[in-house]
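Novice: Sequence:
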Amino acid sequence: MTFPDLKKTGSTISTIVAELRTLRLASLEHRQRLNNPPKLPARKTLAHIVDRLSAALFPNRLGIPDLTDESIDFFVGHTLDTALRDLTIEVQRELHFVSGLETSSSTVGAQAARIIAAFAIRLPDIRVILESDIRAAYQGDPAARSIDEVLVCYPGITAITHYRLAHELHRLEVPLIARMISEIAHSLTGIEIHPGAQIGESFFIDHGTGVVIGETAVIGRNVRLYQAVTLGAKSFPVDEQGTLVKGNLRHPVVEDDVVIYAGATILGRITIGQGSTIGGNVWLTHSIPPNSRIAQAQTHHEKNGT
1 MTFPDLKKTG
11 STISTIVAEL
21 RTLRLASLEH
31 RQRLNNPPKL
41 PARKTLAHIV
51 DRLSAALFPN
61 RLGIPDLTDE
71 SIDFFVGHTL
81 DTALRDLTIE
91 VQRELHFVSG
101 LETSSSTVGA
111 QAARIIAAFA
121 IRLPDIRVIL
131 ESDIRAAYQG
141 DPAARSIDEV
151 LVCYPGITAI
161 THYRLAHELH
171 RLEVPLIARM
181 ISEIAHSLTG
191 IEIHPGAQIG
201 ESFFIDHGTG
211 VVIGETAVIG
221 RNVRLYQAVT
231 LGAKSFPVDE
241 QGTLVKGNLR
251 HPVVEDDVVI
261 YAGATILGRI
271 TIGQGSTIGG
281 NVWLTHSIPP
291 NSRIAQAQTH
301 HEKNGT
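Residues in the sequence shown are numbered from 1 upward in steps of one, following the numbering used here.
If you're looking for bench data, these hints aren't it; they were derived computationally from the structure. Among these hints, one or two may not hold up.
[Unchecked claim] For lysine to aspartate or glutamate, the following EDC-like pairs were computed, each having C-alpha atoms within a straight-line distance of at most 20 Å:
(1) K44 / D81
(2) K39 / D86
(3) K39 / E173
(4) K234 / E255
(5) K44 / E70
Kindly produce the complete structure, drawing on both the sequences and the hints.
Specialist: What follows is the structure, encoded as structure tokens:
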């Protein structure tokens, strides 16, 4: 492969910068944000914030080495303080972005402070739910040697930790930051969980790569998923102008004590009844009653009417 010589092509860095500026301004004008466009939350900063929140939730395993009984509370307090202060700044950025700088800084600051206070109060509850997720992983995987191994090694726990934090922020109406946090986990683990999904306690994703859980999915307690499972939408309705209708309930409801094996695809607002087992590579678009056992051969027969 040959590379162009900038001098021979007549291009310079300054001309490239000018062309990029023209494209950027045209894009901003199209979005009606030409004058002082508000800054977006910073993805790298959010990744560091999640790391610090995780360390505060589980300081003995995800915090710094050599913590003692005397120093651990100080570490947790200091880590939380810095993480929440940084998160407040990112929340302010999202609020400014949404309002288009039409809201005063003092109003945005007060709103961000209320959001962060409500989020912080929920952290002990998030830890309790995460402990149930970690126990479910340990109890559900014969290869797991200890609870600690699950916490520090399992990509499913990394994804679920990001989801639990992101879901709380989504509930507090900062959906952009919530989505960014969930996509950080997606990049790290290959597991995509929309922060709008509702997931009960004791949730376990084994292996995890390729798992997709959509925005309006509802998952009960003690549910286990394996790799490449999709809880997705069956169709995407459009309005009279041909624009996708957003916000409608379009993803499955998975009740308590369900196991879904690798490669299963479950689409639409259907219900998987409590205690059911869905076999590997099953394609399912209809509800099933509690305690069902669905295998790939069964779905093949149903499609062919036999």
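Novice: None of the hints should be skipped; say for each whether it holds.
Specialist: Verification of the supplied hints:
Among the hinted pairs, K44 with D81 is consistent with the structure: their alpha-carbon atoms are about 18 Å apart, no more than 20 Å. Of the pairs offered as hints, the one joining K39 and D86 holds, with about 15 Å between alpha carbons and a cut-off of 20 Å not exceeded. With a CA separation close to 18 Å, the supplied pair K39 and E173 stays within the 20 Å bound. Between K234 and E255 the alpha-carbon distance is near 19 Å, which keeps this suggested pair within the 20 Å criterion.
Distance check on the hinted pair: K44 and E70 sit about 32 Å apart at the alpha-carbon level, beyond 20 Å; violated.
Checked against the numbered hints above, the structure violates only hint 5.
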